[in-house]
Every structure is written in structure tokens, then in C-alpha cells.
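Undergrad: Sequence:
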Amino acid sequence: MDQFSTLNSFTLQVAVTFIAWYFVSSASSIVNKITLQSYPYPVTVALMSLCYVELCSVPVFRLWRIKQPSISNYYLIYYIIPISFGKVIAVVSAYVSVWRVSVSYVQTVKATMPLFAVFSARIILKERQSKHVYLSLIPIIIGVAIATFTELSFDLGGLLSALLSTGIYAMLNVFVKKVLEGTDIHPLHLLALNSRIAAILLFPVWCLRDGLLFWRGVELTKNQSSPHEPTFVVFLLLSGTLSFLQNLCAFILIHRLSALSYAVANAAKRITVISASLITLRNPVTPANVFGMFLSIFGVFLYNRAKQCEKKCRVLPKSQTELTISNTSSVFLNGSAIYNDRLTPEIPSIDLVQMICCCPKLFLRWAVVAIFVAVLICLFAGHPDIR
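Counting from 1, one number per residue, gives the positions in the sequence shown under the UniProt record's numbering.
Please keep in mind that the hints were generated in silico from the structure rather than gathered at the bench. Be a bit skeptical, because a hint or two may be false.
Below are the DSS-like pairs computed for lysine-lysine, each with C-alpha atoms no more than 30 Å apart in a straight line [claimed, not checked]:
1. 33 to 126
2. 126 to 67
3. 33 to 178
4. 126 to 312
5. 33 to 311
6. 131 to 312
7. 178 to 67
8. 67 to 131
9. 33 to 131
Given the structure is predicted, the values throughout are model-derived calculations rather than measurements.
Please put together the full structure from these sequences, using the hints given.
TA: Okay, here's the thing in C-alpha cells:
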């Protein structure tokens, strides 16, 4: 009886998390699109989303009692800082793509992640994949090509931004996995640390591009909304919150489902986001366009299935680019899951560099808070816009 009750409780928790994940993911994509349509400042949205990961992670760490990690100078200098730099480019490119093209098309282009993952593994790690893995890439390529040629709101800048973001995330996944395998850092801590450093790296760019513009006053075109409106701040806060909750729901599910179940759920989530955006935003699509979208998503499912079969058949140690390993910990780079088989809670010795980089009461965390406040000051205290 107790076992049956436990099973029902587990099923209920997973079902609720599924619903929350699908809803939050759809809402996040729609809110980002609405925000950038009215307020075309992708760098500002990207900066605030990075800050929000850091700010929202603090209560999660305390609630789940996740211990503070320590990272050697080697991993900090040669892995984490370069990963954070790459994340800056990837996050900004992702928001530029949402601004320039439809949500449904962005989600379709994101389906090329396996293609970039295989390419990165071949170039960086000199790894070869199985024949089934290579064959699974064919429907992805064909699906994205069909969606591109039939996209009514096609924009080359949006396509290149989406491809750049997806490609960088695929490459970063390889290095993130190396950090997770070589250190004892918790995946959520790594996500927060990368976001923390990325926000600091992006801040000077924001100051030169959007910060000075907001402070001096924006020359608005007809029907363009002012960034000094409180609505913009509300959208920024909502976008950051939804983005963090999306990663949190995915993190919970990855610990409760098998890798294949999660892959199926992730494909279904992408379909849900596309459908919700088409219904809500009403961007025009053709039957061929829809077919291309779903074909690419089906290709992603085949890729995950092929990787699972490859994992079961392999006797030697696993490939560093296997992104579908069950019963492991994960970290998310804008929705991309990376898994860590070995995760111990022990804290190694901490030196001065680690205290600066990881301690929640010291420099970097408060720097993110200062950046967050600086953006709000520019939005609320800037000069009136010029009509």
C-alpha cells in the first residue's frame, strides 16, 4: 500500500512539473517575443536574464542545501571564464534571433543542436559517431531547410543569430561537461557562476550600446514604445523569472526521468512552445513550414534515441559529448542539458581566488546586484525620450 502511495505521489509530482515546465517554457518564449517587439533592446534583456539567474539561485541553494563549491585556478582560468565569455555571445545572439524572427522558427533552428554537437566532437575531441547517429541528422537538416525556405517572416540576421547561438551552446557543452567531470561543483552552482561572470563581461558592452542610450534619451520612431516605461521593467523581470524557472523545472525532471523519457518530453515541449506561439502571436505559417518544424523535432528524437543505443552498446568509457545519460546531475545553458555522472558534496580547500569567485557575500555576487540596480536606474532616471 505504501509502495502504491509512493508511486502515485511520484507520478503526481512528475505530472505537475511537466505542466509547469511546458507552461513556463511557452510563456517565456512568448514574453520574450512580445518584449523585444515593443522594446528592441536584446542586449538589455540578455543582461537582465543573466543577473536573474544569479539572484534567483540564492534561495534555491539555501532551500535545497546545496553546498558552496570550490574550483581550482586551472578550471577557473582555462574553462569557466572562457565558457562565460562564450555564453555572453550565445545569450545575446539568442535574444537577437527572437527579436528578428518568429518564435516557431527560432525553436526549429534550435533543433540543429545535435548537428553542432557532432561537429564539435569531431573537431575538438576527434570523436567519431555511429552510423545511426549520423543518419539521425538527416531529418534535422531537411526539416530546418524546409522551414527556412517556407518561412514567411524570414530574416537572414535572425537565422544567423539563431545558428550562432545554437552552435556556441553546442561547443560550450563539451567544455561544461569537462568541468562537471573534473570538479565537485554542483551543476546549478556552475550555471549561477557562469551567469555571474557573463553578466560582468556583458555589462561594459551594455553600457556602450544601451546604457548611454537610455541615460541620454532614446530617439523614438512612430509607434515605438519608450524603454523608460514601467511596462518594460515588468517585462524584464517576468522574462528573467520565467527563464530561471524553465531551467529549474528541467533540472527537476532530469533527476526523475530516464534519459530517453526526458528526450521525448523535451521534444514534446518544443512542439508545445511552437504551437503556443503560433496560437498566441498568430505569425503566419504554411503547411510546408509546419511540416519542416515537426520533421526537425522528430530528427532530434531520433538523434537522442541513437545516442542511447550507442551508449548501451559501448563497453569502453563514454563519449564526452553524450548528452543523454540518465540518473545524473545536469546544468543548463539556455535550455541545453549537460549531465555529470560523478558529483560529490565534499568541499575541497578554498583559496583567495575561489573566495572571490564563489562566496555569496563577496565581490562578484554583489557586482551582479550592482549591475541589476544600474540597469534599473538607467531605465527609471534616464532623460525623457525624444520624439
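Undergrad: With a cut-off of 30 Å on the C-alpha distance, tell me whether residue 67 and residue 131 pass.
TA: violated, 42 Å
Undergrad: Hey, residue 33 versus residue 131, does the alpha-carbon distance stay inside 30 Å?
TA: violated, 38 Å
Undergrad: Does residue 312 lie within 30 Å of residue 131 when you go C-alpha to C-alpha?
TA: holds, 15 Å
Undergrad: Hint check: residue 178 vs residue 67, CA-CA at most 30 Å. Holds or violated?
TA: holds, 20 Å
Undergrad: Taking only the CA atoms, is the gap from residue 33 to residue 178 under or equal to 30 Å?
TA: violated, 34 Å
Undergrad: For residue 33 and residue 126, compute the direct alpha-carbon distance and say whether it is at most 30 Å.
TA: violated, 38 Å
Undergrad: Assess, step by step, whether the Cα of residue 33 is no farther than 30 Å from the Cα of residue 311, and give holds or violated.
TA: Given pair residue 33, residue 311 is violated - Cα atoms ~38 Å apart, limit 30 Å.
Undergrad: Compare the distance between the alpha carbons of residue 126 and residue 312 with 30 Å, and conclude whether the hinted pair is satisfied.
TA: The given pair, whose Cα atoms are some 21 Å apart, holds under the 30 Å limit.
Undergrad: What's the verdict on residue 126 and residue 67, does the C-alpha distance respect the 30 Å limit or exceed it?
TA: It is violated: about 35 Å lies between the C-alpha atoms, which goes past 30 Å.
Consistency note: the structure conflicts with the earlier hints numbered 1, 2, 3, 5, 8, 9.
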